[in-house]
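Peer 1: When you line the sequence shown up against this note's numbering, it's residues 126 to 239, in that order.
Hints are computed from structural coordinates only; laboratory data are not their basis.
Accuracy of the hints is not assured; some may be wrong.
Claimed, not checked - 16 angstroms max Cα-Cα, derived EDC-like pairs, lysine to aspartate or glutamate:
(1) K239 to D213
(2) K178 to E195
(3) K239 to E225
(4) K178 to E211
(5) K178 to D213
(6) K178 to E168
(7) K237 to E195
As the list claims (entries may be wrong) - Taking CB as the label site, the calculated pair distances span:
(8) C231 to E187: 21 to 29 angstroms
(9) S165 to I236: 21 to 29 angstroms
(10) A197 to P172: 31 to 39 angstroms
(11) Y209 to M126: 50 to 58 angstroms
(12) K128 to A173: 36 to 44 angstroms
It should be emphasised that the depicted structure is a prediction, and the values quoted were computed from it without experimental measurement.
All C-beta atoms, glycine included, are put in the ideal place defined by N, C-alpha and C.
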Amino acid sequence: MRKEIVLLVTSIFAVNAAYALGQPRSVSGKHRANQLDCRSCHETSEPAFPPTKEVCISCHGEVVKIRPTEVAPGVMANVHESHYGEIDCLACHRIHAKGELYCNECHKFGIKVK
Numbered sequence: 126m127r128k129e130i131v132l133l134v135t136s137i138f139a140v141n142a143a144y145a146l147g148q149p150r151s152v153s154g155k156h157r158a159n160q161l162d163c164r165s166c167h168e169t170s171e172p173a174f175p176p177t178k179e180v181c182i183s184c185h186g187e188v189v190k191i192r193p194t195e196v197a198p199g200v201m202a203n204v205h206e207s208h209y210g211e212i213d214c215l216a217c218h219r220i221h222a223k224g225e226l227y228c229n230e231c232h233k234f235g236i237k238v239k
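Model the full structure from these sequences, guided by the hints.
Peer 2: Structure below.
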């Protein structure tokens, strides 16, 4: 009896997980406000891969040269000029979730990502 219950619960979980993975993810922020859909960035209605930097640039233009910001007391930096060189847009900017500053993998900058 116990094996049957475990099998039933596992099966229900697997079916629900498969269903959830098949559902389209929502678009947030300005992309939603401008009524963009998956094809706008992924070029297909069922995206398999993240868009390339070139796709981002086609709408947003080249990296905006933001002014240096105080990232820590007395420390000014431009987060678009990383000491690691050029970093992909999606390292920080997200469409389906809240953006997170890639720099904070090592640093603790108090900067919000748009």
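Peer 1: Each hint should be assessed against the structure and marked as holding or not.
Peer 2: Results for each hint:
About 15 angstroms separates the Cα atoms of K239 and D213, which keeps this hinted pair within 16 angstroms; it holds. With a C-alpha separation of about 27 angstroms, the suggested pairing of K178 with E195 is violated against the 16 angstroms cut-off. In summary, the hint linking K239 to E225 is supported, as the alpha carbons are separated by about 9 angstroms, within the 16 angstroms threshold. Only pairs whose Cα atoms come within 16 angstroms are accepted, and K178 paired with E211 is accepted, the gap being roughly 11 angstroms.
Restraint check for K178 and D213: satisfied, since their Cα atoms lie roughly 6 angstroms apart, inside the 16 angstroms limit. Pair hint K178 plus E168 holds up; C-alpha atoms about 14 angstroms apart against a cutoff of 16 angstroms. For the given pair, K237 sits about 12 angstroms from E195 by alpha-carbon distance, which is consistent with the 16 angstroms threshold. The supplied range of 21 to 29 angstroms is met by C231 and E187, whose beta-carbon atoms lie about 26 angstroms from each other.
The given range of 21 to 29 angstroms is respected by S165 and I236, whose C-beta atoms sit roughly 27 angstroms from each other. In this structure, A197 and P172 meet the distance hint of 31 to 39 angstroms, their C-beta atoms being roughly 37 angstroms apart. In this structure the supplied range 50 to 58 angstroms holds for Y209 paired with M126, their Cβ-Cβ distance being about 57 angstroms. In this structure the hint that K128 and A173 lie 36 to 44 angstroms apart at CB holds, the actual value being about 37 angstroms.
Consistency with the previously given hints fails for number 2 only.
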